[in-house]
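Protein chains in written order, with full-length UniProt numbering: chain G, 1 to 306; chain Y, 1 to 541; chain H, 1 to 291.
Just so you know, the hints here were simulated from the structure itself, not pulled from any lab data.
There's no promise every hint is true.
What the hints assert, rightly or not - Taking lysine-lysine and the DSS-like style, the derived pairs with C-alpha atoms no more than 27 Å apart in a straight line are:
| # | chain 1 | residue 1 | chain 2 | residue 2 |
| --- | --- | --- | --- | --- |
| 1 | Y | 541 | G | 58 |
| 2 | Y | 39 | Y | 541 |
| 3 | G | 44 | Y | 140 |
| 4 | Y | 484 | Y | 216 |
| 5 | Y | 132 | G | 44 |
Keep in mind the model is a prediction, meaning the values are calculated, not measured.
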Amino acid sequence: MLKYLARRVGSSLFALWVITIIVFLLTHLSGNPVDALLPDDATKQQIDAFIRDWGLDKPLWQQYLTFLGNAVQGDFGTSLKWPGEDAMGFVLARMPATLQLGGIAILISLVVALPLGVAAAVYKGSPVDNGAQMFALLGQSIPNFWLGIVLIWVFSVWLGWLPTSGTGTFAHAILPAIAIAWFQVSALARLTRSAMLEVLDAEYIKLARVKGVGEFSVVWKHALRNAAVVPLTYFGILAASILTGSVVIETVFSWPGMGWVAIEAIRGRDFPVVQAVIVAYAVIYMISNLVVDLLYVAIDPRIRND
Amino acid sequence: MIHKKTTFTSKSKTALASLLLAGTILTGGMSTAATAQDKVVVAVSPLGADSNLYWTTTGAFIFPSMQTLVGNSAETGKYDNSQLAESWEHNEDFTSWTFKLHPNAVFSDDWGPVTSADVVHSFEIHTGDDAKLSGISALKETTLTAIDDHTVRFDLPTPDPDFLFSHAGRGSLVIYSKAQFDAEGMEGYEAAPAGSGPFKYEGRDVGQSMTFSSIKDHWSGASPEFDEIEFRWVSEPSTRLAMLAAGEAHAVTLPRDLRDDAAEAGETVLSSSAGAMQSTMLFTGKFMKPEAEETRDATSYAWADARVREAVNRALDRDGILEVLYGEGVEALPVYTMDPRFPGYSQELADRFDEDYGYDPEKAMALLKEAGYPEAFDNAAIPLVVTSLAGNPEFAQMAELVQAYLDVVGIETEMREQDWATGNTAIRGFTADFVTPMRNAPVRPAALGVQIFFTEHASPHLDLGDPEINALGGELLTETDPEKRDAILNEMFTSIYESYAHIPMAAVPATVVVSSDLVEGWTFPGSTSSGLSHFELIDLK
Amino acid sequence: MTDLSVKRASALRLWLRLRSLPLIPIVILLTVFIIPAFFAEYIAPHDPYVPNLRARLQPPVGFGGTWEYMLGTDRLGRDILSRILHGSWYVLSVSLIGITVGVVVGTTLGLIAGYARGWFDGLVMRLVDISLALPAMLLALALAAAIGASFLSVVIVVGFALWAYFARQVRAEVLLLRKSDFVARSQVAGSSHIRILFRHILPNVLNTIVVLATLQVGIAIMLDASLSFLGIGIPRPTPTWGLLVSDGRDFIATDWWISFFPGLAILLTVMSANMLGDWLREQLDPRQRQV
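Isolated chain G (complex conformation):
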């Protein structure tokens, strides 16, 4: 188990390292922070001073090594766009907002998708099945920013139930979380449905039925407990997709999370923060995958050998 863990952490670190190179090259190819951060009428001296102060006149490889050397010690430099802010600290300060949003989104998608999937499986081929699948598909077929804006108008403006944007209370998180979650419902419901179908066919369920256990109990207690493991495998992709979705949705709802930071930093060519935020995204993704895999190994030891 420990050896497995070490190998996983090692390969994750390798992946992180490659990611920093990709991002470093891409951002440094994309022009100079000078042009995003200095005004139109900046003088030559201002520009030169800026470039010197931030070491942007050094060769690229040297800039990268400096960055890497500091990064392994946890120092990603100071933000160019938000003066005085420590790049990683700035990103980490916004991480809870994104995780909170992501967490609520996952919760919503589970709460919606599991019953949908179960219902679809139990009433396979019936209108319930079709309806559930249609509802799930709908979320995958609407551009999420559009859905977000429609939600704002319906629930905040016309009905007046929830705040339009920003952060503060739990109510603020509901609309953006729905806008992110609906996209996931389809895949989750589908997985739940097929897992349920498989389990409902299994011998011990048949046995339970024969023994006279109530249908409700069969479905919700016995079958779902076993079928719920399957959607778990999807958790890694779910996490990635929710993080990606957050980039767009945070903009629509002015949600002060990492997605917002990422967009602002890339537009502002704020290299230190761009690096920090992408590494942070990658780490979240990797940790969630690692957790899933470990859970998996714990459940099914055979996988360890693969």
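Let chain G serve as the given structure and place chains Y and H on it in line with the hints.
Positioned in the frame of chain G, the structure of chains Y and H alone reads:
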């Protein structure tokens, strides 16, 4: 004519959509609205003011807690003494400017009176290495002397009749408290900078919002009707409109079409009392440089040919374009950076504008034919930049419309979707080979603007490369006689105008949409970069 | 394999499958997506690019509009219907080319990794990790800043976002297949690795690829839309659906038709593609069918 004072308009509720919108203000307003009298919420697109160290920003947003030396009149935009300077004078050749501070001006939080020492201290930090402010280059070369406790003098190396501009709405120098710095250092500024304005800094949520509280018995006599003002940075225009409709915001900035929608739904559109912004599309690449042929391939740009440039201008139906992009209050602009408020304004050019730049597709096609377009050009296609800049959501549509009109007369175009920084990189690296939208906000004094955008003197990368205009610009740098300056500027504008050296677009007031249920009115001059100021004048119902 | 009875049996099976062909999604895909993509020039009532400033913001028929602009006009007076029709070509090409890039790269790497194992397998799996851990949206932003937003950059992003799923899936199937009898027999018979891979293994994973690719159409279209939202999609004035929805998003509460109809086109296309994908999966994937 740009002075045109536009009062707010309030249209009646008509369309189905507006009924929906209006209805919701009644219902939605109750649940989430801030209580009107306590707190005013202003939602604007992010202004890039994410630092309490103002000089490290580009000066896009002056905190209402901070003050500059010179004010702008709310009604006219003219310089006045509503900020820290009570009066000022200059010597004959505009190289020495003396400001007398209001004797009763004080900083918030008991940091004491505003004195010359504070001005000197602020000047030092604003001209330091980490300063990024727009217009700061002018300050860097000056020396500042404290004459007495309430008098300071700036000595300039070259004459600058427009020196007040950088001290007013442009905000190249805002006054921080030296006492606070001595006691708390830079950390004090970072945590809560004390200012002398009618509001006190309360706090910020980076990238989200800033809050200020009103000061009771402010030294200037300003007394806001509300206790608190919060600025919310919201990048989606429709989210901002939703906030207004839901009663979460009192005032929001909106792009043109949404403004109309809001007005139809019964909200109030307020325009600044003076023109706040000029927009244009600029040909780039020093295309008028005579030696361009040897140094670079500038002449292969289609727009190096004056006939093509005229054709481009002639192909555009400006009335239609400006109506779509800006709507009410917009004025045609004969020459970008020329403004009736400043010297060099030529009424003659304004009068001739229709004749010389008017919509005439046939003429455009004839000109192109004469120039041998497109066969005679290596790069016949004109790259149009599609970009968005905070505060100018119309830039993308501007490129789209221009393309459509150019297409009609047979001018080939190619769209370049790029962010603002990418365009700047190309311009600064002298590799720009496109036609890009540009803005001038707040409208700079003509003598400053023309140097920045058309000559090599203020920012060398935005330069037509025309020796004559550059020579005139050089003269302007040292000339102090107002009449002669006016003549030089006039000559520059005429030259730019007659050579069709750019595609002038519009002079536009700043607009803000306020909730008609909560806000009675608000007069602001449009003299700052964001267009907004004078928040203490927001008049609540 | 030339036995007639087998042929008849498979013909019967084909017939059975065709009978369960999901007609509605196919018809929708054809009318909304595929036919317009190729014939927009002949169908579209107006030029999708030329503004008509006298006909700005016309509502659709039934909401006060006229038949001339059936689905209304946008802020510049361009016909929404014509723009949707012309846009379908770009949506189709971005998703098809993007998915093809993803399929080719993903399948090739997945095939070789699963077959060869060893260090190459390790490398590919690390690349998959990297690709999945780097949010496509952020990569797109950085890429657009570096090389500018263009058709190419969008295709690269779509391909990048999708290849890892193919690689992972294909590799997993190859791992199972390489232990199977017929691969072992070929190896004994002295077939070259390339021959085994492409003649024996590839045909067996083809089903998976087809199913996955159909299901990815939706993801590709959504990605394209999100990129347009962030201002890094295919540049204007190209009326890709994502841009149309994104351009109209400010007016959802008032001039709703600007974004509604392009959104509907996306909705119908993505839903149909997914339903078709589901159907294909049921037909082609025996394990799924048993379920």
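Okay, the hints, checked on the actual structure:
1. A hinted pair counts as satisfied when its Cα atoms are at most 27 Å apart, and residue 541 of chain Y with residue 58 of chain G does not qualify at roughly 58 Å.
2. With a C-alpha separation of about 13 Å, the suggested pair residue 39 of chain Y and residue 541 of chain Y falls inside the 27 Å cut-off, and the hint holds.
3. For a cut-off of 27 Å, the pair hint linking residue 44 of chain G to residue 140 of chain Y stands: about 13 Å separates their Cα positions.
4. Distance hint between residue 484 of chain Y and residue 216 of chain Y is unfulfilled; the C-alpha atoms sit about 48 Å from each other, more than 27 Å.
5. Between residue 132 of chain Y and residue 44 of chain G the alpha-carbon distance is near 12 Å, which keeps this suggested pair within the 27 Å criterion.
The structure is inconsistent with the numbered hints 1 and 4, although it conforms to all the rest.
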